[in-house]
Amino acid sequence: MSDKPREYCGVFGIFDHPEAALHTYYGLHSLQHRGQESAGIVTSYFDEEKDRYVMPAYKDFGLVLSVFRKSKVFKKILKGKSAIGHNRYSTSGSSKNPANIQPFRVHYKKGNLAIGHNGNLSNAKQIRERFRQEGVLFQSTSDTELILHLISQSKEETQMDQIMDALHQIEGAYCLVLLTDDKLIAVRDPNGFRPLALGKIDGAFCVASETCAFDINGAKYIRDVEPGEVIVIDQKATEADEPKSYFIEPQEGTSTSQCIFEYVYFSRPDSMIFGEMVDKVRRKLGKQLAKEHPVNEVAKNSPSDKKPVVVSVPDSSNTAAIGYARECQKMGFDCKYDIGLIRNHYVGRTFISPGQKSREQKVRTKFNPVRGVIEGRTIIIVDDSIVRGTTSRYLVDMIRACNPAEIHFLVSSPPIISPCYYGMDFPTPEELIANKFDRDIGRMANEIGVDSLRYLSADGLVSAVKEANPSGHDYCTACFTANYPVPVNFGVEKEDNELV
12 MSDKPREYCG VFGIFDHPEA ALHTYYGLHS LQHRGQESAG IVTSYFDEEK DRYVMPAYKD
72 FGLVLSVFRK SKVFKKILKG KSAIGHNRYS TSGSSKNPAN IQPFRVHYKK GNLAIGHNGN
132 LSNAKQIRER FRQEGVLFQS TSDTELILHL ISQSKEETQM DQIMDALHQI EGAYCLVLLT
192 DDKLIAVRDP NGFRPLALGK IDGAFCVASE TCAFDINGAK YIRDVEPGEV IVIDQKATEA
252 DEPKSYFIEP QEGTSTSQCI FEYVYFSRPD SMIFGEMVDK VRRKLGKQLA KEHPVNEVAK
312 NSPSDKKPVV VSVPDSSNTA AIGYARECQK MGFDCKYDIG LIRNHYVGRT FISPGQKSRE
372 QKVRTKFNPV RGVIEGRTII IVDDSIVRGT TSRYLVDMIR ACNPAEIHFL VSSPPIISPC
432 YYGMDFPTPE ELIANKFDRD IGRMANEIGV DSLRYLSADG LVSAVKEANP SGHDYCTACF
492 TANYPVPVNF GVEKEDNELV
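FYI, the numbering for the sequence shown is 12 to 511, going by my numbering.
No wet-lab data here; the hints were simulated from the structure.
Treat the hints loosely; a few may be bogus.
As the list claims (entries may be wrong) - Here are the computed distance ranges between Cβ atoms for each label pair:
no.	residue 1	residue 2	range
1	122	408	57 to 67 Å
2	140	382	55 to 65 Å
3	369	179	42 to 52 Å
By construction, the Cβ of each residue, glycine as well, lies at the ideal position given by its N, Cα and C atoms.
Let the sequences and hints guide you as you build the complete structure.
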């Protein structure tokens, strides 16, 4: 069981490129961190023999490299100049159902339609019950299927109007890529919870959850898809070099609520999301952490005569740790950043039997401390977040075995106290270490075995992010504050929002 929250999905789409499927494959590979349970690609082209448009699909459980390991998939199956792709995580149970692997595709009276979804619909249960009363049969247990039903049952005349009609009926977090016979459509919810960007490859427009998917393809980033925006890319848009743009009419009181945890942990540091580089924001978080908890305060009673060493938990915490160490040095405090933990990037999905000992072994398989960096020194560990605390405890035990003088733990975000209903897989509130110990920092420090534990404040988090990215947009901080920008049914479990 992971001790970090998990992003549900990553999406990629491209229109009118002779190597559409291959670019989508590379895009999904760069977005692998957003979903590792399954991957899929759907393409579209006009089949001369059948005299109609077709949408071949190829998808399976596993990592992108594994699912698309055979080159013939691109030559014989995924033909066409337009494609969408999807990486997926899931909530418990549903990952075992192959019908849940996206993109989904349907053929209905208006033609073919495929969809990939990053996010979570907060009103899925209500929509599902309405369809059940109408006798609708579901093929999957995913809330994404609801969007297809809303589109296919819309009474609007054109396919585009049907799509817009459906979008005005869903709530919550959603970034969508939709593929029709002649269009690529990208959608971002009015709150803008999840990132979605527009780019261009060799004259062909593309969209992706993060810009790292553009970089691997040699694509140029153009701009973000705005909150509530529906971008339509067709042949006319390609020829005019300007996609069409529509906007979903927001509900009264809707404001931007970009997920702040995308900056804290989820997104890759080399990506630009919400209009700013993730690396820049994380360094700013480290800088703010230094202002709130400078090294002279953290290590004021250090028994070691050697300068304190700042160590990150690789890889998502690296830049925050660097930012912390550099800011402390600028403030005149003697410390240094060093690589004290090595991460094994080739762990894969090795078999781990149930039980606490096996979970400890999983951490040991993934990380190893550098004794020469740690021994005899005061160690300041910087991590981006603590969820259950189990991984942190095992890491501290490993570092403690290298005989440091002290171990202090700093977190570049506030304590996580609430689950996410907008597209991230968090543990239950009872499993969160902050709730388990009633937010008593001293007891939490004892639990993970450190000499002290310090968090970035919620105000410090928001101010640092807004200083790094002065876009004017607001952020969702529900996991830290329990302030939910879109109403959620707290009596509904995460799995209940799926069609089980």
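Status of the hints after comparison with the structure:
1. For the pair residue 122 and residue 408, the supplied restraint of 57 to 67 Å holds, since their beta-carbon distance comes to about 58 Å.
2. For residue 140 and residue 382, the Cβ-Cβ distance of about 58 Å falls inside the hinted range of 55 to 65 Å, so the restraint holds.
3. Hint check: residue 369 to residue 179, Cβ distance near 48 Å, so the stated range 42 to 52 Å holds.
When each numbered hint is compared with the structure, no violation occurs for any of them.
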